[in-house]
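Note that the protein sequences, when read in sequence, are chains A and B.
Its first residue numbered 1, the first sequence is counted upward by one per residue in my numbering.
Its first residue numbered 1, the second sequence is counted upward by one per residue in my numbering.
Honestly, the hints are just simulated from the structure, not real lab data.
For clarity, every value in this text was computed on a predicted model and none was experimentally measured.
Yeah, the Cβ is synthetic: ideal placement off N, Cα and C, and Gly gets one too.
Keep in mind that a hint or two might mislead.
Unchecked claim - Calculated cross-link-like contacts (lysine to aspartate or glutamate; reagent style EDC-like; alpha-carbon spacing at most 20 angstroms): (1) A:Lys45 to B:Asp27; (2) A:Lys50 to A:Glu70; (3) A:Lys42 to B:Asp105.
Unchecked claim - Only part of the chain A face toward chain B is listed, based on derived beta-carbon distances under 7 angstroms: (4) Trp32; (5) Ala34; (6) Ala43; (7) Leu46; (8) Tyr49; (9) Lys50; (10) Tyr91; (11) Ser95; (12) Trp97; (13) Phe99; (14) Gln101; (15) Gly102.
Single-letter residue listing:
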Amino acid sequence: DIQMTQSPSTLSASVGDRVTITCRASQSISNWLAWYQQKPGKAPKLLIYKASSLESGVPSRFSGSGSGTEFTLTISGLHPDDFATYYCQQYNVYSEWTFGQGTRVEIK
Amino acid sequence: QVQLQESGPGLVKPSETLSLTCTVSGDSIRSYYWTWIRQPAGKGLECIGRIYSSGSTNYSPSLNSRVTMSVDTSKNQFSLRLSSVTAADTAVYYCARLGRSGHFDYWGQGTLVTVSA
Numbered sequence: 001d002i003q004m005t006q007s008p009s010t011l012s013a014s015v016g017d018r019v020t021i022t023c024r025a026s027q028s029i030s031n032w033l034a035w036y037q038q039k040p041g042k043a044p045k046l047l048i049y050k051a052s053s054l055e056s057g058v059p060s061r062f063s064g065s066g067s068g069t070e071f072t073l074t075i076s077g078l079h080p081d082d083f084a085t086y087y088c089q090q091y092n093v094y095s096e097w098t099f100g101q102g103t104r105v106e107i108k
Numbered sequence: 001q002v003q004l005q006e007s008g009p010g011l012v013k014p015s016e017t018l019s020l021t022c023t024v025s026g027d028s029i030r031s032y033y034w035t036w037i038r039q040p041a042g043k044g045l046e047c048i049g050r051i052y053s054s055g056s057t058n059y060s061p062s063l064n065s066r067v068t069m070s071v072d073t074s075k076n077q078f079s080l081r082l083s084s085v086t087a088a089d090t091a092v093y094y095c096a097r098l099g100r101s102g103h104f105d106y107w108g109q110g111t112l113v114t115v116s117a
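With the hints as constraints, model all of the structure from the sequences given.
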């Protein structure tokens, strides 16, 4: 099984801050990585797929990068609506999907 | 706009079978894989498995012995059955569409299933 490790687990930030979340895979997954935002009581929302492709309708302040085993999600200028939990998710050739444990972005 | 809606009992007794259905609207269920994902309260997300419109399935190895998924293309629905449930299966269950790049692009709102006597 491929394990996904996110860091940090919790991040305290202020409106306007640049925020970076890291996701590491236990083995190479090429660019088969997605990022989601989840708010309490809601389903996750797709932000980024294939490591760096922005989902339609997602604000351009969200961006993703990386390949192989290390990936980042960056929010360039935190909005009040961005305080939420973020998950990375990998897909591999064995038809397995694994999520990271989540990063909670909270108000500083 | 693709929409998914989960339905099924919110309470299941231990050792019994959990059954959920996902109804897809706004798109045909054909030509995509469809998945079930669950999330225990306060915890992370776990993919249970996927099914294609042909009925082809892939299940999580950790749940493989207890999971059955099926599809009804005439109703644009797919279903999940999880047998021999325990309290550890208590979670919010989501259905979702699997996009072309292995990501989940459309999600249902989720349904809470509690396993309790």
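- Task: Find the hints from earlier in the document that the structure breaks and name them by number, from lowest to highest.
- Result: Violated: none.
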